[in-house]
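What follows is the residue order along each chain.
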Amino acid sequence: MALLEVEGLELRYGAVEAIRGISFRVEEGEIVSIIGANGAGKSSTLLALSGIVRPSAGSIRFGGADITFRRPDRIVRSGLVQVPEGRAILGPLTVHENLELGAWTRRGDPGVAADLERIYSLFPSIAERRRQLAGTLSGGEQQMLAIGRALMASPRLLLLDEPSMGLAPLVVAAIFRIIESVNRSGTTMLVVEQNARQALRISTRTIVLSHGRVQLEGPSRDLARDPVVVEAFLGKA
Amino acid sequence: MSAVPLRRQALPWIVVAAVALADLLLVLRNPADADRLLINVILALSAFATLHLRLLSLANAGFMAIGAYTSAILSVKLGLPVALSIPAAVLACGAVAMVIGLPVLKLKDVYLAIATLGFGEIVRVLIILLPGLTGGPTGANLSTGFPYAAMRATSTWVIAAALLFIAYLFWSLGPSKTGRAFRAIRENPQAAATMGINITGYKSLAFLLSALIAGLGGAFFAHSVGSLDNGDFNFTRAVNILGYAVLGGSGAWFGPILGAGLLTALPILIRDSLGASIGFLHNFAQLPNILTGASLMLVIIFMPGGLASTFALGAGAGAGARAGAGAGPDAGAENRSGAGASRAAVRGSPAGRGGDRRDVPEADEIPPPDTVSEGLADCCLLALDGVSRSFGGVEALSDVSLEIREGGVYGLIGPNGAGKTTLMNLVTGLFPPTSGRILWRGREIQAKAPHRIARLGISRTYQNIQLFSEMSTLENVTAGHHIHIGTSPFSSWMRLPRERREEASAQREATAILERLGMEELAARPAGTLSYGDQRRVEIARALALHPRLLLLDEPAAGMNETETERLGLFIGELKRHGYTILVVEHHMDLVMSVCDEIVVLNFGRKIAQGAPSVVSRDEAVLEAYLGRE
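If you're matching them up, the sequences are chains A and B in order. Under the working numbering, residues 236 to 472 are what the first sequence spells out, in order. Under the working numbering, residues 3 to 632 are what the second sequence spells out, in order.
Extracted from the complex, chain A is given alone in its bound form:
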């Protein structure tokens, strides 16, 4: 049984159909990437998985349970956690407080303290700044903090919405290295990316969305050579 099973998902904003019936699975231990043009429905898919927007049809099963209409906080509690687009860190709070809030659903869990140290060892540049206000971090550090905060909820499946957006080239490379190492330590990942080259490189499977539908799906290695993908996402470079 797959960790995440999405069946015939549809989503509309008023008269606009953002997702028009998509189905896919994510197996335990995978990194699955979702790529697609702007407006294809990538972010909408992640928002529906997290329960932030309600789908108009279809079902989402996570770990065997139907979570289609579950409240966002309950979804986080069940182990499906999202790193939002644009990072959405809490700027006026310290780095440490941001991480502590990530463990909100685990209040009283004695494992939290150990996980905090694990996050700090994973992101040394953040550990140096644990008393600093999160809003004063650079873009790359904020992205690391957002990932760290999500990891504090001890997710089984981590959703990442454009983790490389607006980051300097050096930092982009670092973020993708982090994604790979977090995955190696056992967290399944679903990554939405505009940087298709990197997404295809680090993921096991890739889903190509177009106009709210799944256009292509397959092992990332194969899709990286698919003429449609090359033409649409990789450019001539």
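These aren't lab readings, by the way, just hints derived from the structure by calculation. Certain hints may be false.
Short, incomplete list of chain B residues facing chain A, as computed with Cβ under 10 angstroms [unchecked claim]: (1) Arg31; (2) Ser392; (3) Val396; (4) Ile415; (5) Gly416; (6) Pro417; (7) Gln465; (8) Tyr534; (9) Gln537; (10) Arg538; (11) Gly561; (12) Glu564; (13) His590; (14) Met591; (15) Ala627; (16) Gly630.
Label pairs and their computed distance ranges (CB to CB) [what the hints assert, rightly or not]: (17) A:Ala362 x B:Phe606: 44 to 50 angstroms; (18) A:Gly256 x B:Gly530: 22 to 28 angstroms; (19) A:Gly243 x B:Ser206: 51 to 57 angstroms; (20) B:Asp111 x A:Leu328: 19 to 25 angstroms; (21) B:Ala22 x A:Glu335: 51 to 57 angstroms; (22) A:Ala362 x B:Asp111: 37 to 43 angstroms; (23) A:Gly243 x B:Leu498: 51 to 57 angstroms; (24) A:Gly326 x B:Phe606: 48 to 54 angstroms; (25) B:Gly388 x A:Pro462: 49 to 55 angstroms; (26) B:Phe606 x A:Glu335: 25 to 31 angstroms; (27) B:Phe433 x A:Arg309: 39 to 45 angstroms; (28) B:Ile292 x A:Gly370: 40 to 46 angstroms.
The C-beta atom is built at its ideal place from N, Cα and C for all residues, glycine as well.
Take the given structure of chain A and dock chain B to it, following the hints.
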């Protein structure tokens, strides 16, 4: 796409019918209540004038009092005919508004509310302190020299005609330059200012309109009721007037009409119908206030946009429907089943398909930048001279100097937090430098307001998108054309031929830019509903509509994939061939290296390198701080 539930389509008309029915019952029951109803609607529109721009003013009761007492004194004590005393009272309110508007409008939100509330109280205290003129604390009535018969001097029809006229003023502003500026300020004052919209000017205009209308309502009130008391203009009145506009919704001019219509009729009807059966309610004088409070709470919880928000987009829908004559297909057009990802990706630049650079666009596809200067080709357009800016002791930019020559494409790169966006904010006047000079064609501009800098021909996009998200895509781009539209509120009200001509050409221009970016099918969509990357393109379109002589792009490719980024690069190249001068902040190095003539590198607020792409990309300091070594 026709699947919008019938219930949702019918809801606005159910609201309108319910309000109309309540008002009809009210007037049938007691025709004298018609005056009260109409006056409340007028007062609601006065609150709308400011609230529409998100100005939380509570000055309306004060202006209402000035209007009421001025007209009463002029007509009863000085014997002026009411036909003259009312306009004079309205003008008096205008004069007062001009005096207090300037200092008061510098305040924001709750501070503005408190200051305007203070103004209202001052007016009321003055009324009490001047008994010879106003009747003092006992009010103006028969015993104080304001005989009822002389005061009662207006007809319901005159008030109704005045109300229609005011509604016409707002309705005709809707699709105009002024209405668009109002909505832009409502949605995002900072972006509006950098589009060349004079925020202070339009806020003052709205405040003035509000005062004039409240004064008119007050004058009608005096001559309809026939007696005056300072208690008629107290805090409760101020809150009630605001309540009409909030309940009805401040997004569209018809909202306050619904709000006042409902809140005037409902309490009276309920009191009368319940009063017969439940005796104590008849004497329950606070019932109207309780109901006002309760319905406000319910509406704010369930309908934050007010009753008018049931009309889908509020002002956007109303204005869009009229303005959108040449606007292209509606949102549903997006639903034509797409030809796949490749088609969508091409959206960035049709001419750039397949990277065919020989496909040079026609000259009229992109508006040329405004008047390319002659004889200045070698002089620099923009120069920064030792510019620094610190925020609370942290120096975000230190001693940066650079020159931008006309027609060049410049790249600004550096790690996150290096000061790139700060530099753009300084150039566009969002805040002044701590030290140093910014020169535009040799003239210092570092002290100028953002809208003045925009008028010089500098426009920009934002790293964190700053669109007018409830306005349509087309309206966003048209707002970018603001400084080139030569109309005024008067030309809209008078329906001058120029109004239609200028509006049509602005719409054409905006549509052409959207077509050029391959976004015409999104023209009618509210900009906030577009995907991230499309919103970036709308920002570029909006900035181009200003015909900038210098275009600042802050991370235009963030949220775009490589193919889309490549198209963007081709588009920037096209702009360059059309004579645009561009400064672009970007992390996509392929884009920067391919389009820029010169690159400036910032690190920790300092310029660490400058030069041709080939030079900068091999610079040791740049590799160390930013690019990394492969």
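Margin query: Holds or violated: the 44 to 50 angstroms window for the beta-carbon distance between alanine 362 of chain A and phenylalanine 606 of chain B?
Written below: violated (21 angstroms)
Open item on the list: Tell me if the beta carbons of glycine 243 of chain A and leucine 498 of chain B are separated by a distance inside 51 to 57 angstroms.
Closed with: The hint (51 to 57 angstroms, Cβ to Cβ) holds, given that glycine 243 of chain A and leucine 498 of chain B are roughly 56 angstroms apart.
Q.
histidine 590 of chain B was flagged as interface toward chain A. Is the shortest Cβ-Cβ separation under 10 angstroms?
A. holds (8 angstroms)
**Prompt:** At the C-beta level, are aspartate 111 of chain B and leucine 328 of chain A separated by a distance inside 19 to 25 angstroms?
**Reply:** The hint (19 to 25 angstroms, Cβ to Cβ) holds, given that aspartate 111 of chain B and leucine 328 of chain A are roughly 24 angstroms apart.
Hint validation: methionine 591 of chain B versus chain A, beta carbon distance must be below 10 angstroms. Holds or violated?
holds (6 angstroms)
Q. Should the interface hint for serine 392 of chain B be scored as holding, given a Cβ-Cβ cut-off of 10 angstroms against chain A?
A. Nearest chain A Cβ about 14 angstroms off; hint violated.
Satisfaction of the glycine 561 of chain B interface hint, Cβ to chain A closer than 10 angstroms
holds (6 angstroms)
### Query
Holds or violated: arginine 31 of chain B as interface residue toward chain A, Cβ cutoff 10 angstroms?
violated (40 angstroms)
*asked:* Within 51 to 57 angstroms: is that where the Cβ-Cβ distance between alanine 22 of chain B and glutamate 335 of chain A falls?
replied: holds (55 angstroms)
Checklist entry - With 10 angstroms as the cut and Cβ atoms as the points, is glutamine 537 of chain B at the interface with chain A? => result holds (9 angstroms)
Under the criterion of a CB-CB separation shorter than 10 angstroms, is glycine 630 of chain B in contact with chain A as hinted? Where the cut-off is 10 angstroms and the nearest Cβ of chain A is about 4 angstroms from glycine 630 of chain B, the hint holds.
Item to check | Status of the given 51 to 57 angstroms range, CB of serine 206 of chain B versus CB of glycine 243 of chain A | outcome: holds (55 angstroms)
In summary, the structure is inconsistent with hints 1, 2, 17 and 24 from the numbered list given earlier, while agreeing with the others.
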